[in-house]
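Starting from the known structure of chain A, arrange chains B, C and D on it as the hints suggest.
Chains as they are written, first to last, in numbering that gives the first Met the number 0: chain A, 0 to 253; chain B, 0 to 319; chain C, 0 to 325; chain D, 0 to 310.
Treat the hints with care, since some could be wrong.
[As the list claims (entries may be wrong)] Only some residues are given here: those of chain A computed to face chain B with a beta carbon under 10 Å:
1. 143
2. 148
3. 153
4. 154
5. 166
[Unchecked claim] Chain B is faced by these chain C residues, among others (derived, beta-carbon under 10 Å):
6. 157
7. 185
8. 192
9. 213
10. 214
11. 215
12. 240
13. 254
14. 255
15. 262
16. 267
17. 270
18. 272
19. 274
[As the list claims (entries may be wrong)] The list that follows gives simulated cross-link-like pairs (lysine-lysine, DSS-like), each with its CA atoms no further than 30 Å apart:
20. C:146 <-> B:24
21. B:132 <-> B:197
22. C:125 <-> C:201
23. C:90 <-> D:220
24. B:238 <-> C:265
25. A:141 <-> B:24
For the record, the hints were derived by calculation from the structure and aren't laboratory data.
Glycine included, C-beta positions come from ideal geometry on N, C-alpha and C.
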Amino acid sequence: MFVLVALLAPLLAPYDPNEGELGQRLKPPSAEHWLGTDALGRDILSRVIYGAQVSLQIQLVAVLIALVLGTLLGMFGGYYGGVTDNLIMRFMDILLAFPGIFLAIAIIAVLGPGLLNLMLAAGIYSVPQFARIVRGSILSLKEKEFVEAARAAGESDAAILFRYLLPNSMAPIIIQTTLRMATVLLTASGLSFLGLGVQPPRAEWGAMLSTARPYLITAPHVATFPGLAIMLVVMGFNLFGDGLRDSLDPRLKD
Amino acid sequence: MSALLLEVEGLTKHFAVTRGMAREKVFVRAVDGVDFAIARGETLGLVGESGCGKTTVGRLILRLIEPTGGAVRFDGRELTALDRKRLQPLRRSFQIIFQDPFASLNPRMTVSEIVGRPMEIHGLTRRAERDEKVGELLAAVGLRREQLARYPHEFSGGQRQRIGIARALATRPQLVVADEPTSALDVSVQAQILNLMKDLQGRFGLTYLFISHNIGVIRHISDRVAVMYLGKIVEMAGKGALFSKPLHPYTQALLAAVPSLDPRRRQEEVLLEGDVPSPVNPPPGCRFHTRCRFALPRCSREEPEFRPRADGRWVACHLY
Amino acid sequence: MGTLLRVDDLHTHFLSAGKVVKALDGISFEIREGEVFGVVGETGCGKSVTALSILRLIPFPPGRIVSGAIRFRETELLALPPDRMRAVRGKEISMIFQEPMTSLNPVFRVGEQMREVIMLHQGLGKSEALEAAVRMLERVRIPEARKVAGQYPHQLSGGMRQRVMIALELSCRPALLIADEPTTALDVTIQAQILKLLNELKREMGTSILLITHDLGVVAQMCDRVAVMYAGSIVEEAGVAAIFENPRHPYTQGLWGAIPLAHDEKPTLAVIPGAVPDLSRLPEGCKFHPRCGRRFAPCDRIRPQMTAVGDGHRVACHLYGGGEPS
Amino acid sequence: MFRYILKRLAMLIPVLFGVSLVSFSLLQIVPGDPAVLLAGEDANPDFIEAVRKEYGFDQPLTVQYVRFVSRAVQGDFGVSIRNREPVINLLKQRFAFTIQLSFLSILIAAFIGLIAGVISATRQYSIFDNLSMVGALFGISMPIFWLGLLLMLVFSVHLRWLPAGGSGELRHLILPAVALGAASAAVIARMTRASMLEVIRQDYIRTARANGLREWVVIYKHALKNAMIPVITVFGLEFGYMLGGAVLTETVFSLPGIGRLMVEGIFQRDYAVVQRLRRGPGVDDPGGRHLRAGEPADGHCVCLFRPQNPL
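So here's chain A without its partners, still in its complex pose (with noise of 0.2 Å):
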């Protein structure tokens, strides 16, 4: 449903997302504009059917170098154990040290803001928890009776990796990718909220929520639409990460 919104937003968005009528300044909703418009007369309605667009381009971009990037080290380092898997861990604890989103706001830091930049400070924040969590399913599934088989029938490293510990380790990676797109989501908005992330003028969410602050009195629904659009799709993730856990990993099911 998001996605679609958001790969649909030409068409569904009834008005230009950037061009505001000035006349129209922090108008209440009305039939015609749905959610109102913003202190910029912009149809509030285009700009959250846009910042779906935007919000989606940042999860998948994020979601998937954290993907990549943490299965192989968790891989690697849950395998070889012995050095490989403590120099990879401590290099983990590192980034785990800054607690919170500090990490993603010192990447920031460093890189300065814009879209790009977001999405590979989310992406770099969540390299950990697909780290820890690829390396736990290998460190258990490499004690496991097949693969002792596997290696008694000559397997070779890299076919033990990829046949046997990779395909087993799906359902926790699978389930951990919907929820990290919502916790990215998260992140990212909470960003471009501190002025961080995504510059407005673009329809990002949690720089339309930033904006809006100062009308929080007088235009309460410039801040309300935005924030009830990330949470819609952030819980919209987390109710199908969960259901993919229980239908995944029977063993939390009651």
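Showing chains B, C and D alone in chain A's frame:
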């Protein structure tokens, strides 16, 4: 061709483990100098209680874990000296059957892949004829060819164990290490698997190292039996001799502890008190002396040698 | 010998993925004062469910005792209000489980766990209860009982933990001890110690034991009478000598023939073909008939009833005329 | 035991090294010549050069790094470029505030989360369970800054119960703490519920029931103590998360904490760049003016695109 397929000499494995809050490094002497040999076509039963090191012996022979010391000779070739690359082609000659029929099959592979992979690795089949060959093997272990494309979770425990056996036989090995292959199964299914293994041994000319804690199963399947206690073999003999007249006091106690199926013959006497000592600090001298009814003063000082007697039986005890 | 516990036509069902699993499908038996009654069968035959049903510990949902009666002395257990039922548990009837490793709470000291139960059922004060716990630990031949009482379960070996469980469950001198596979997780030499201990305590305290096991050796060594279960039903019940020397039901015979012996040679093992049926889709008639080598006309239509074939020996099989309701 | 502690401490060394390296590069890579920033853009080149010398910006990076670390170890983080106050004082002040806020939040989160989690687990699938799990889903899905704005709107603007900004009193902290703690409360509630459900299935709980213990003793003594073990580790993680979330909360409520200090810091430095690019902000009305109730104590609101007190 020598009569002995497998010779094991002084095989040793000490695991380093970190223990407790203090993270002190200690060595678990899981296997501590084990000698035995298996002749072609023979079944050697390796029996002992949990933690005695019998499973580790099986893994060491297959080089699934690296030994700390000792030698393993397979068909006259020293395996412990080979590097991974040179060992790889030899792997087709010795295979393993595992205890847990649920953990031992890759849940993401079909039966055809599970059984066919070992053939492919060793170049024994081409992709096109793989299913044909796997089908033959499935028939040999009592499954149907139509079950080729199924996944492990679609089978019962007994059927899964048959798939595990088919995989072990896929490369036409000479030696099969069976590590508690029936311990996870119910008695009626256990009987099916034991009968199947005996049958296959004749048809494929297999040599078995059969590892189990179940004395009844060991007695049923083995030609010769080796008894392990705390990382060492204490006694080894032909099945008939060992069961009719066990020599080592531990063997005697172990056999006496198995409850008899005759309700009119109730054993009241328990020959073995207390728990097995820790393999981290095994007792000095004979490892069994702390629980032995016949312990002599020298037993706590001098370690008895494991050596053959005139009648061909091996025992490690100062009484003999 | 009087009857201590009498189970009548007990049905316990579980609801799983929309299907009704008939874990207990109408079982009846009785346990007499001071005897050891064995329930034997393979995985999933319903023996553990029997134990949990007696204590009304079937997890709900998904499980439920559908119908039947469980009379303990003069009390109908299934009719007791929850409070009164709680007073029975651990005091009149207590239970030890298969896994000594996980049956004790890992975060409480052994003595503390025992003291809690003793205080609850015997109304003793704190220090008296702890003394009683230490005495009980000594009674199950635990060396340095006082030290063990101050230890956490993970500091003890498997055999020691099972001794602690036995001490805990016998501390209030119950009339009936339910032992669910008490030695399955232990090595044979430790099993021999535990079985000996159970025998001694039974004689000293006069406790009846319901012994649930899949190990026929344990049955032969411990039990006075035995019931054999298959797919949620009892198929044969007899004194221990009769059932070992003259098993009547084809399933019992098959089971007996499948066991490799440690004390004797057996040229071949008998095999029961096939596998245990799905308890949510039980076959018509006799549940064992698809695997039975001696099935005949009525077996796939009529469920056989328990029929007496000798002194206290009953079988549910058409070979012995189980057609008419008894 | 001693060796264990030593080993653990030794493991910290590479982590600290990495953190210091990252922090140092942060200072380096931020665009703009620090000496120019310090001296002011219009200062004469000699003065800039003198500043460069004084602060050691002319030294090779390695030397600067060593000096940075050795000073940091002694608690000397340099002098704030903005108000020439030692950074450590500023850090102490701001950090104390953020810790206070986070502490209050974790208290609220733990209280709500534990209670909701335990009751949900013991009455699985009841109305309470369903409601609290839906609530938890909202909790983890709600952006902190939006929740903050909503709370402000409802409790400060409409109901006028609590102030929307300012600091110094407990009542100033309540709304921010709730906004910051909501997500953690949700995570703790879910974790507690899952952990309790897992523990309730364990053999030793069956043992406790089989011994006739009362249900509340079984749940609150035997089960809860075991279920708390994984939950406690979540507390630690959540506390770290809060320090991060504080950035957003402090920005929304204009609070003088470490998070806002950091964001401000970044923007002070960036300011030069932003100015140079002459990039007009998207909003023509700087923030803060319309926030009557939200007027912070020190008289200025963080404005992200036009810092009012540049350098």
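Cross-check of the supplied hints:
| no. | hint | verdict |
| --- | --- | --- |
| 1 | 143 | 5 Å, holds |
| 2 | 148 | 6 Å, holds |
| 3 | 153 | 4 Å, holds |
| 4 | 154 | 6 Å, holds |
| 5 | 166 | 4 Å, holds |
| 6 | 157 | 8 Å, holds |
| 7 | 185 | 9 Å, holds |
| 8 | 192 | 6 Å, holds |
| 9 | 213 | 7 Å, holds |
| 10 | 214 | 7 Å, holds |
| 11 | 215 | 6 Å, holds |
| 12 | 240 | 5 Å, holds |
| 13 | 254 | 6 Å, holds |
| 14 | 255 | 8 Å, holds |
| 15 | 262 | 5 Å, holds |
| 16 | 267 | 7 Å, holds |
| 17 | 270 | 5 Å, holds |
| 18 | 272 | 8 Å, holds |
| 19 | 274 | 5 Å, holds |
| 20 | C:146 <-> B:24 | 27 Å, holds |
| 21 | B:132 <-> B:197 | 22 Å, holds |
| 22 | C:125 <-> C:201 | 28 Å, holds |
| 23 | C:90 <-> D:220 | 20 Å, holds |
| 24 | B:238 <-> C:265 | 13 Å, holds |
| 25 | A:141 <-> B:24 | 23 Å, holds |
This entry satisfies every hint, going by the numbered hints stated previously.
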